[in-house]
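Spelled out from the first residue to the last, the chains are:
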Amino acid sequence: MDTALFTPKEAPLFNSNQQRNVKEAMEMQSINQPQNSHTSTSISSDSIELPSASGKWAPRLLLECARAISENDSGKIHLLLWRLNELASPYGDCDQKLASYFLQALFCKATDSGQRCYETLAAVAEKRHSFDSARKLILKFQEVSPWMTFGHVASNGAILEAFEGETKLHIIDISNTLCTQWPILLEALATRNDETPHLKLTVVDTASTVRSVVMNEVGQRMQKFARLMGVPFEFNVISGLYHLGELTKEGLGVQEDEAIAVNCIGALRKVEVEERGAIIRMFQSLRPRVVTVVEEEADFSSSRDDFVKCFEECLKFYTLYFEMLEESFFPTSNDRLTLERECSRNIVRVLACDDGNGTEGDSERRERGSQWSERLKEAFSPVGFTDDVMDDVKSLLKRYRAGWGLLLPQGDRESGIHLTWKEEPLVWASAWKP
Amino acid sequence: MEIQSCIYQLDLLRRESLITMPEKMAEEAYPNLIDENTIRSGSNPPAVKKKRNLPGTPDPEAEVIALSPKTLMATNRFLCEICGKGFQRDQNLQLHRRGHNLPWKLKQRTSKEPRKRVYVCPEKACVHHHPSRALGDLTGIKKHFCRKHGEKKWKCGKCSKRYAVQSDWKAHSKTCGTREYRCDCGTVFSRRDSFVTHRAFCDALAEETARMKAVSNMNTAVAGNINYHFMGTPLGHSNPQNVPSIFKPISSNEDTIINPTTRGLSLWIGHGSQGQETMINNNLQGIHQLGPLCSGATFADPLVSCSNISPSDYHQNWVFGNKLSSSNSEELTSTSLPLIDVKEAGTQLLSIPSLYETQHQSNQTPSANMSATALLQKAAQIGSTSTDPSFLGSFRLKCNDSRVQDGNKLGGPYGSNSILSNLGKDAEKTAGDLFQIHPAKRRHAEIEDGSGGETRDFLGVGTVQPICHPSSFNGWI
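Just so you know, the protein sequences line up as chains A and B, in that order.
For the first sequence, this note's numbering gives the first residue as 7, with consecutive numbering after it.
For the second sequence, this note's numbering gives the first residue as 955, with consecutive numbering after it.
Chain A with its partners taken away, still in its complex shape (with noise of 0.2 Å):
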């Protein structure tokens, strides 16, 4: 395949030419259908109608090219990738934005240099990242968004319930979220009604970038701030994991008079999908009051072996994602920016690299909460929020812009409450207990 038309650009530097060109675009498609006439397909015709407004013409020229990918049309791959390319920018519209990190996870998969994108990605970012940056970056994305503070909310209240009358907690806390989390809850536990009790935070940092430097920062402003709310605080990274199924007890220094919490925000979809089980049953073992997990609401797992399907679920995820991101920033954000720089490692992730082929532990196989259930339920039961949780959280959602909801667990089956954002269920929250 001819691939000297397109070199991977990381940020394609177009400008406002890209209005006109999507116009262009537009006509140059029904112009091009009856030279297209040597491919099996036509494209305008066949492509299905995504539920999105009218005018969207990313959804449609993405998927196109998908399909052309998984049925090995080379002519046709040619085509739309370059079409994509002169209409995508990172700078741009909703449209053009997932049209530019999506057409990357496309090209990586039709040249098979999906490990190699992914890894210069990586790197990249990893250059960039400072405790500054990382804890502006994610307290406002924390301010304008309730994405992560809902399930924060959440599970600190199972988490408090849970641990009602206990003096010695100890909380595993396996996410990236900084210990974002956590200023909350150390002030629910200075203000208890009885003897505040004494808290050790074990983090199992996430990130798919190493960031020892920027979590040491973060322990010591834990350490600091649990000194001013008069909470007995002992603080734990644990660093240069791999695999999260490398965790066990030992390793996490739990011990036998501890009250557990296991607090996993965004941290089951990072393994493997084989090795989920094991690492739910490595729970088991630690033997919490309660196991927190917050989870995005998407499946890129039941259907990875099934290109289309998993990139119709990706798009789908995404455009929301981007759509919620445009709607919370400012325009001119750089956050929002860094944050949809994230994305296009993840979607590379899903889409251009084989399962268990990369650095370990940064799978981005997401499941529905559904789904989480049902490997839950193997060692767990489901616990309730209780109504007073379920007060905070509304609240929450009062304190953010319109447009967010919640959404109750639905039948017998469901558990956990999902954020929904537009009618649609983004983020899903659930606590369990042995």
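These are computed hints drawn from the structure, not numbers from a lab.
The beta carbon of each residue, even a glycine, is placed where N, CA and C say it ideally should be.
Any given hint might turn out to be false.
Unchecked claim - Label pairs and their computed distance ranges (CB to CB):
#	chain 1	residue 1	chain 2	residue 2	range
1	B	Thr1029	A	Lys439	36 to 44 Å
2	B	Ser1121	A	Ser309	52 to 60 Å
3	B	Ala1158	A	Ser308	42 to 50 Å
Put chain B on the given structure of chain A with help from the hints.
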């Protein structure tokens, strides 16, 4: 505008304050304030005639009424027999009955001076259970009972705070979300959760705690002499003129007054949370123990003159003024300010709770990282983030956290804790020991300060005079 409203509120608080003292002490300290015929039921209404009695200091002539919990919690006691509609007052019911063409009777106000009624709380453990602390207002006792002993049925939609009394809930809802939180670094937040999270990661925090630690290290290093710690450092900076400013209203320059001691303030102001309450309770219990021993001393500060009544609630009420009787414990915050100065004196007062706090702490299982410093910092933190709608709120929140210079001032009392905690831990030692320190302290203070002969009271909060400081605190007691 703000200041004026503060003065007004201060005035209100003064008039409605809960400060009482046992007669004996009152006589000693304020011989000219006690009436001859106030000896009944152990209450001491002030000689200065007021239209109202201070809450909790009922008219000894009054009739004491004890209503049942059911009655107190009932909202609509008066029911129409025809349609079952409930009314809060009998008069309203009577008017309603007219509509049913039922015989009705509106009670006239009795022509002679009606016998004043006071109400006691049915809850035995409650301070208002005793007739000497009865409340004079029916609505008041009802609200008190609901707040203290009732179920919190009303919940704020925005922040999930709970209230037992509907009017409290309404009042809170009006201001909830309008409160602004300011971090040391200058950023202002409208949301409390963002503020707390930000604070934990803020660079300002890192600097601050570094300084606090440095200072307290410095002070503990000079160990051995309690007097020094008590009187030295804080007083070192101050002069007698500052001391009377305890009673000065917050009318003076906000910045200088409030900034240095918001921490100290905060401890007293506290947060409505239970934990904080307990801590304050414990602190005050400590004070209480010291009380009888100090009765002979000239206590300028009403805070120090203790009574012997045991229920911890009483102390809370006593120290924090009347607000407690008419408000949630959350509203604790509003009363403390008039009692404490926001300047150095405030920090000296800090030494009261910290002193006894460690004493109390010795009774608890001490945890490794728990120090009085931490507790106070916690208190400060909690206090500085409380959502108190009173006039205090605006002050506190504007200058939310202490500045650099606080470290030095606060170091004193903090430092002293470690010494005193040793004392406290020894079960044998009673407050008597502490009392014995007193004369030594005085002497030392005089030497230290060189102010020439002014006797300082135990806590170094001031001379005898300040109680009569002009402006708002006239007739305070």
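Now for the hints, and whether the structure bears them out:
For the hinted restraint 36 to 44 Å between B/Thr1029 and A/Lys439, the CB-CB distance of approximately 40 Å keeps it satisfied. Evaluation of the 52 to 60 Å hint for B/Ser1121 and A/Ser309 yields a pass: the beta carbon distance comes to about 57 Å. In this structure, B/Ala1158 and A/Ser308 meet the distance hint of 42 to 50 Å, their C-beta atoms being roughly 48 Å apart.
Checked against the numbered hints listed earlier, the structure breaks none of them; every hint is satisfied.
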